[in-house]
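All chains, full assembly: derive it from the sequences and hints.
2 protein chains.
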Amino acid sequence: MKAKVTVTLRSGILDTQGKAVEHALHSLGFTGVHGVRIGKHIEIEMDAETGEAAKAALDEMCKKLLANPVMENYEVRLDEKGK
Amino acid sequence: MKAKVTVTLRSGILDTQGKAVEHALHSLGFTGVHGVRIGKHIEIEMDAETGEAAKAALDEMCKKLLANPVMENYEVRLDEKGK
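As they're listed, the protein sequences go chains A and B. Mapping the first sequence onto this note's numbering, position 24 (from 1) lands on 24, and the numbers just tick up by one. Mapping the second sequence onto this note's numbering, position 53 (from 1) lands on 53, and the numbers just tick up by one.
Bear in mind the hints are in silico, worked out from the structure with no lab data behind them. Watch out, some of these pointers could steer you wrong.
Since the list gives no way to pick one copy over another, a pair counts as held whenever it fits inside one copy or between any two copies.
No farther apart than 30 Å at their CA atoms in a straight line, the calculated lysine-lysine pairs in the DSS-like style are these [to be verified]: (1) Lys-55 x Lys-4; (2) Lys-55 x Lys-19; (3) Lys-19 x Lys-4; (4) Lys-55 x Lys-40; (5) Lys-55 x Lys-2; (6) Lys-40 x Lys-4; (7) Lys-63 x Lys-40; (8) Lys-40 x Lys-64.
Next comes the structure, spelled out in structure tokens:
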């Protein structure tokens, strides 16, 4: 089963990497850009009996390793056809 | 207009960060995991007249700054309702 996890900084947290990219885009002439936030995109291939079991495992992975729940949000999407 | 850009390593390129996360997940007991790849998730807010103009600008941003076309693939998604 394939899964995609997106980890993003919570909205109140300053995203310095995003700010740097925003400034760089302005320097390159993309002046219409007024907000850049950068997160992680994680693709995981895993064995799981059911979609629910996979989602539960992924949720635990996010809490234990992939995301920092204090500063980050995460979103899990299952690619069921990859089962 | 809001856009989301996902930048991933091309399939032939060794993803050391992904390998490290895979090993860490195994150590945590998630033994069913057998493939992790890590990329970037970028959220951009921008001004654009039309969806086509936004997509063209985003494509240029990816080529010039956000992705390294030699090693990385990118995917652009527009959130039209954020217009």
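Structure-based check of each hint:
1. Within a single copy, Lys-55 and Lys-4 get their C-alpha atoms as close as 11 Å, and across copies as close as 23 Å, so both meet the 30 Å cut-off.
2. Taking the shortest alpha-carbon separations for Lys-55 and Lys-19, only the inter-copy value of 21 Å comes in at or below 30 Å, while the best intra-copy value is 32 Å.
3. Taking the shortest Cα distances, Lys-19 and Lys-4 sit within 30 Å of each other both inside one copy (25 Å) and across copies (16 Å).
4. In this assembly of identical chains, the alpha carbons of Lys-55 and Lys-40 lie at most 30 Å apart whether taken from the same copy (18 Å) or from different copies (21 Å).
5. In the homo-oligomer, the alpha carbons of Lys-55 and Lys-2 lie at most 30 Å apart both inside one protomer (11 Å) and across protomers (28 Å), since each shortest distance falls under that limit.
6. Taking the shortest Cα distances, Lys-40 and Lys-4 sit within 30 Å of each other both inside one copy (10 Å) and across copies (12 Å).
7. With identical chains, the CA atoms of Lys-63 and Lys-40 are at most 30 Å apart both within one copy (15 Å) and between copies (19 Å).
8. In this assembly of identical chains, Lys-40 and Lys-64 lie within 30 Å of each other by CA distance both inside one copy and across copies; the values are 16 Å within and 20 Å between.
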